[in-house]
Amino acid sequence: MSSSSHHRDSYQRDGHHPESLPPEVPVDPEARLDDGYFDDPRRIAWIVRGLIIACVLLTVADLFYDKHAKYDFEDLFGFFGFYGFISCVGLVLAASALRRVLMRDEDYYTRREESSSWILGFAHPARWRPAEPVVEENDDSGTSLEGPEDPQDATRERAW
Amino acid sequence: MVSFASALPAWIPAWLPPGSLLILGALLLPLLRGRLLQGYLVALPVLSLGHLLLTPVFDPSAAVTWSVLGLELNPVRLDGLSRIFGLIFHLAALLGMIYALHLKSRLQHAAALIYTGSAIAAVLAGDLITLFIFWELTAISSVFLIWARRTSRARRAGLRYLVIQVASGVLLLAGAAVWQRATGSVEFGAIGLDGGGIAGLGGWLIFLAFGIKACFPFLHGWMQDAYPEATITGTVFLSGFTTKLAIYALARSFAGTDLLIPIGALMTAFPIFYAVIENDLRRVLAYSLNNQLGFMVVGIGIGTELALNGAAAHAFAHILYKALLFMSMGAVLLRAKTVNGSDLGGLYKSMPWTCAFCCIGAASISAFPLFSGFVTKSMILSAAAKEHHTLVYLVLLFASAGVFHHSGIKIPYFAFFAHDRGIRVKEAPFNMLLAMGLTAFLCIFVGVAPGLLYDLLPFGEGYHPYTTAHVITQLQLLLFSALAFVFLQKTGLYPPELRSVNLDVDGLYRRFAPAVLAPAGETLARTWARAAAGVQRTFSRLLALLKELYGPQSVLGEPWPTGRTTLLAALLLALYLVLYYFR
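Protein chains in written order, with my numbering: chain U, 1 to 160; chain Y, 1 to 583.
Watch out, some of these pointers could steer you wrong.
Stated by the list, open to error - DSS-like, lysine-lysine: derived pairs with alpha carbons at most 25 Å apart:
#, chain 1, residue 1, chain 2, residue 2
1, Y, K547, Y, K337
2, Y, K337, Y, K426
3, Y, K104, Y, K386
4, Y, K386, U, K67
5, U, K70, Y, K386
Claimed, not checked - Derived list of chain Y stretches under chain U, where covered just means 3 residues or more per stretch with a C-beta under 8 Å from a C-beta of chain U:
#, segment
6, 250-258
7, 332-342
8, 458-469
9, 475-489
Claimed, not checked - Partner residues are not named here, just some residues of chain Y that face chain U (Cβ under 8 Å, in silico):
#, residue
10, R149
11, R153
12, G402
13, P495
14, S500
15, L503
16, R510
Calculated directly from the structure, the hints in this document are not laboratory data.
Note that the Cβ used here is the ideal one computed from N, Cα and C, for glycine as well.
If we strip away everything but chain U, and leave its shape as in the complex, we get (with noise of 0.2 Å):
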């Protein structure tokens, strides 16, 4: 526990992963990471900029159609671009801080359910033997059909 809360700590202060890539994923070293179309900051620039128009556009729409709203609240001037933003800011910044409730490692199950002595998350039954092997009083020496017993047979036996 203390080492997955360690660990979550260093990713929230970095705000990355630490690890590098797992090694099957076919990282090309020489790759060139500036040429995409998408790698031109000002394009971005663009993009946001024209999200911001479309949105500010829309608003405005407001004004000039009739909503045939069946609530009174829908009929506010930018009723659902209101409400969408803030549900979406309020989803993440919500989820945001459900991760410090419900965020483990990642191989929080595997570590335990990869191991031989569980199956399905329940302990092998080989692990329901009782801690001790119950120790029994040497007394009936001498009364045996079969002769000296094989040690091994009497713990085997006993064992369950």
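Given the coordinates of chain U, assemble chain Y onto it according to the supplied hints.
Just chain Y now, with coordinates in the frame of chain U:
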């Protein structure tokens, strides 16, 4: 309304449910290979679709009815509701098969054929017993799509999946038995939860069985657990059938059940919180699948014609765009070997077609105008507003914004854009691109020409999605959500993608229950072992005593000389003589 076929050709047996062609067809797979196998895999769903289209509408007086053990069974029942699900299931089977054509594994092909075929046959079942048989068959066949991943994670997830799916089947059978006892009928029709006494019990059992497969809150853990562990092509199949079969069953038996409205609203809302913080992008899609099911469940709960039409139409559109999204993430997994948001980025450079198709799927699930989600989801929202479920309406609006946020933006953004991590791969194989292209075309086609879909709906009520108010309010909702994403990214408030596990209800049986039950079980087993050892000791003491008395070394057991025996016999005879004298 599109009309139905008038009668089945004489050479097709009327008792053979559509879909059984796919199940039986799987038996021939071992004989085929190469191009022949590929052609066969595409031809089977097409032939089965023909079978469905030739099947006439159900007529109780003329239909095939089997009387088995005093139960009236109707193996084939086609009407407006079962037809639209049968149609979309065939489409999904065909598209999935094309997507999986590159696979050499006939195990997966066979599992997919049996799975899709039994889902189709289940939809067309007219009684609860036939439904139960195919309900279980979907569970048993689909688990191989998970196990075929051949990892230990997949093996365990598949086992958990199978246990829960079979539990749903057992509940269904129990419910059917109780229901038959109470009503004397096993018809797969309206059931509801209002029945008193034993009928009510039957209704609740069946409701629970459907609810497990429909991923009701707290019964949903199996889906997010198992679907992302399935094979690349397996997840595409899985996403389409099991849950939508449950949606169909709910629409058939529990339409207008008020309880479904809050259940559905909860389903639309809570998975999206998980989707925002989940790293495995196929698991994000599983959460958003759960969210989309919520819309349909609300529609079924409202139960008006518009709402039920909306639920059916949304299931139709949803199967397509969800399959498309899973296909694109499958292609990413195939090429980049990972679908973790924390590891991906910049793939639009290597996989431009997959990226474009993914964006179409994302626009469809987000319900952008001209894409399929818009023309179907708005029916459910309108129905909710019309019936004055104000709070539910607001929750659905919130979920609509949220689904755009995590499926519409997060999936394409973290897979294909975000930070380029230098992953350079080949574009997806041609058959995958073809399947994605066809599905993307259908997503747009349904969005642009919704009339054709509306004609297939069970209730003949028209609907007009493209009103000025609808288009503008929806665009406002979506673009402001996008603005929120930009705002959160720019301010650094957006949670980074982290390699992690988020606790969900499956944690109850994967960690919590074992943590509680395993020590209890161990204590019980230990006590038992001690008690058994005690009993064993007592018996061995008893045995020793008996040996002492009667054993070879004992007084009674030792061999006697002849003289002593003779003397004893003489004494006994003398005693007898004395006794005889006194008689």
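Hint-by-hint comparison with the structure:
Between the alpha carbons of K547(Y) and K337(Y) the distance comes to roughly 72 Å, so the proposed pair goes past 25 Å and is violated. Distance hint between K337(Y) and K426(Y) is fulfilled; the C-alpha atoms sit about 12 Å from each other, no more than 25 Å. Our distance criterion of 25 Å between C-alpha atoms is broken by K104(Y) and K386(Y), whose separation comes to about 51 Å. Straight-line distance between C-alpha atoms of K386(Y) and K67(U) comes to about 14 Å, which keeps the hinted pair within the 25 Å bound.
Annotation: proposed proximity of K70(U) to K386(Y) holds, straight-line Cα distance about 7 Å (limit 25 Å). For the segment 250-258 of chain Y, the assignment as covered by chain U is violated, since 0 residues bring a beta-carbon within under 8 Å of that chain's beta-carbons and 3 are needed. Check result for the segment 332-342 of chain Y against chain U: holds, 5 residues qualifying (beta carbon to beta carbon below 8 Å, three or more required). Given a C-beta distance limit of less than 8 Å, the hint that chain U covers the segment 458-469 of chain Y holds, as 3 residues qualify and 3 suffice.
Figure legend: the segment 475-489 of chain Y, annotated as covered by chain U; annotation consistent (14 residues with Cβ-Cβ distances under 8 Å, at least 3 required). Look at R149(Y): its Cβ only gets to about 14 Å from chain U, farther than 8 Å, so that hint breaks. At a threshold of 8 Å, the smallest CB-CB gap from R153(Y) to chain U is about 7 Å, leaving the interface hint in force. Nearest Cβ of chain U to the Cβ of G402(Y): about 5 Å, under the 8 Å cut. The hint holds.
Checking P495(Y) against chain U: minimum C-beta separation of about 4 Å stays under 8 Å; hint holds. For S500(Y), the suggested interface contact is upheld, since its CB lies about 5 Å from the closest CB of chain U, less than 8 Å. Look at L503(Y): its Cβ gets to within about 5 Å of chain U, closer than 8 Å, so that hint holds up. The interface hint given for R510(Y) is met, as the beta carbon of that residue sits about 5 Å from the closest beta carbon of chain U, less than 8 Å.
Violated hints, in rising order: 1, 3, 6 and 10; the structure is consistent with all others.
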